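Colleague: Here the structure of chain Y is known, so what remains is to put chain E in place on it, guided by the hints.
Top to bottom, those sequences are chains Y and E. Quick note: the first sequence, position 186, residue 186 per the numbering used here, numbers continuous. So the mapping is simple: the numbering used here equals the position in the second sequence, first residue as 1, plus 1000.
Just so you know, these hints were derived from the structure itself, not from any lab. Treat the hints with caution; some may be incorrect.
Under the rule of at most 27 Å between Cα atoms (straight-line distance), these lysine-lysine pairs were calculated in the DSS-like manner [to be verified]:
id	chain 1	residue 1	chain 2	residue 2
1	E	Lys1015	E	Lys1039
2	Y	Lys315	E	Lys1039
3	Y	Lys190	E	Lys1015
4	Y	Lys280	Y	Lys247
5	E	Lys1074	E	Lys1005
6	Y	Lys315	Y	Lys87
7	Y	Lys247	E	Lys1074
8	E	Lys1005	E	Lys1039
9	E	Lys1108	Y	Lys52
10	E	Lys1168	Y	Lys315
11	E	Lys1066	Y	Lys22
Stretch-level coverage of chain E by chain Y, calculated; a stretch enters the list once three of its residues show a Cβ under 8 Å from a Cβ in chain Y [said to hold, decoys possible]:
id	region
12	1005-1017
13	1021-1030
14	1113-1122
Quick caveat: nothing in here was measured; it's all calculated off a predicted structure. Glycine included, each C-beta is placed from N, C-alpha and C at the ideal position.
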Amino acid sequence: MEPKTAPEKFIVPIGPQHPALKEPGHFEFTVEGEVVTNATARLGFVHRGMEKGAENRTWIQDLYLMERVCGICSHVHALAFALGVEKLAGVQAPPRAQAIRELVSELERIHSHLLWLGVAAHEGGFDTLFMFSWRDRETVMDLLETISGNRVNYSANVLGGVKIDISEKQADAIRKGMDFLEERTKHYLKVVTEDETFLGRTRNIGVMTFEQADFLGAIGPTGRASGVKRDVRVDSPYTAYNDFPVKLVTHTHGDLEARFIVRIQELYESYRLVRELVDKMPTGDLTVRVPRRIPEGEVISRVEAPRGELLYFLKSNGSDTPERVKVRTPSLCNWSSVLVTAVGHNLADMPMILAGIDPCFSCNDRIVTVNRKTDSTQMDWEDLRQYGIEYYK
Amino acid sequence: METEKALELAESLLKDFAISTNHPEANRVDFVIDRKDLKAAVNTILVNKHWGYLSAITALDNALWKVDETTKQKSIDPSGGSLELLYHFCQAAAVATLRVSIPYNDPKVDSICDLISSVSLYEREAAELFGIEFVGAPNTDKLLLPDNWPAGVYPLRKTFTSLEDSAKG
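One chain only, chain Y, in its complex shape:
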């Protein structure tokens, strides 16, 4: 029998308390049957007003503020900011500092890619892979803690250089860690390219063609999995990437499988780079002096975060506080492209497709201002605890 009316459209809201991702975001998928016909996003649930906050703080304070834009790739944010400020001030960090900055960047990429591998596996229902990859990720977390004292905000950068040095003992620990991780990564590459059930969730799913990825501005591993040759480390080398260059990893299929393969192969590149850096670390000073007042001007600072190109636009008015700090994080670019390409896929594939770009919400959501009406509505720890007890009574 012919249906008398057009097929009904349903809107499926997902989030903000997302059942799969560990960060808040709200999506609305319009579906016809199982097939997604439109996708929209509502972000901002972890907005903190950082761009505005940066205008009220000094350049030095802002370094620490910007390091907290993202909890996963904290170092690249501080790095992009520091490189921009140094460019404005007309100074350059010494070679050893530049090499240490690259070393921490690559260690951070390893931790971020392994974290993503676990999350993406979890989305697909492969919790064993999730637990194994997160167990192995502890190796690099321990290394970061050994060299900086912290697992998350390593705070390696200062304006004009770095504040941590790498001793021979630490270098040995790093070498050992890389050997272990390289062996484990071989296993992961085998799983994601050979396991039948895994391929069922990733092969030919969420395909973004080269033309789409190129034109819509997909970046990082998401773009490179579609054959887009964009990597700031290669295109516009910063810190020590000229002396310790990285090889571009791309794939042509543009599906979820390709995004897995690109990230895992990038891990090998990072292991190689980390070994080379600790073996051939230049000697010398760790810092140069940067003036408190930064000369007037505008600068664009681009670095390659684990998720893709991170862009900072800094404007100085000649004082000790910035006129404008604009942060464009890679997740924002990739959201835009993935929402466009989600159309036409099955609803059941959405969690994997969303996780496939390695989204990071705190990055997107840095700009909002905290809504404090009066002081009396502010809650301290004890108030919050009481509120929680009352709420669940």
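Modeller: Then chain E, alone, in the frame of chain Y:
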């Protein structure tokens, strides 16, 4: 070398639109254009010639500051200043920026969503935080600010200090 070539190409593509051209850094070129030419310029550089990709849209509030002679207090002079949008296009190391000045009393510019659908999130960010209206944008829902955020309050404008101050007017 490649960067220079890319910048030269961008200059030749946009020479008809540019009111002025500036090289703020070795790998960058800025084009000041009129806001009515924005769509045509984006169409030329990106849609027709595929020069790089649109990497970011930066919004600026170029407020005019005045200093009181006696108290040395800095305050905003409402008689001057303007908003500005910067459309950054990146091709490898080269960055070409279209700069569009937007007056406070008529903060409107054409949306380029129909040229690049993925640009919607960037435009919505600038719309919410700076109060710039993107004419023809397909989606103007709240993206970042809370649902109960008061209308007409734009947190990244220099005049914004706090919600309490905004409520007082």
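Colleague: So, for every hint listed, does it hold in this structure?
Modeller: Consistency of the hints with the structure:
| no. | hint | in the structure |
| --- | --- | --- |
| 1 | E:Lys1015 / E:Lys1039 | holds, 15 Å |
| 2 | Y:Lys315 / E:Lys1039 | holds, 26 Å |
| 3 | Y:Lys190 / E:Lys1015 | violated, 52 Å |
| 4 | Y:Lys280 / Y:Lys247 | holds, 18 Å |
| 5 | E:Lys1074 / E:Lys1005 | violated, 44 Å |
| 6 | Y:Lys315 / Y:Lys87 | holds, 11 Å |
| 7 | Y:Lys247 / E:Lys1074 | violated, 51 Å |
| 8 | E:Lys1005 / E:Lys1039 | holds, 24 Å |
| 9 | E:Lys1108 / Y:Lys52 | holds, 22 Å |
| 10 | E:Lys1168 / Y:Lys315 | violated, 30 Å |
| 11 | E:Lys1066 / Y:Lys22 | violated, 47 Å |
| 12 | 1005-1017 | violated (count 0) |
| 13 | 1021-1030 | holds (count 4) |
| 14 | 1113-1122 | holds (count 7) |
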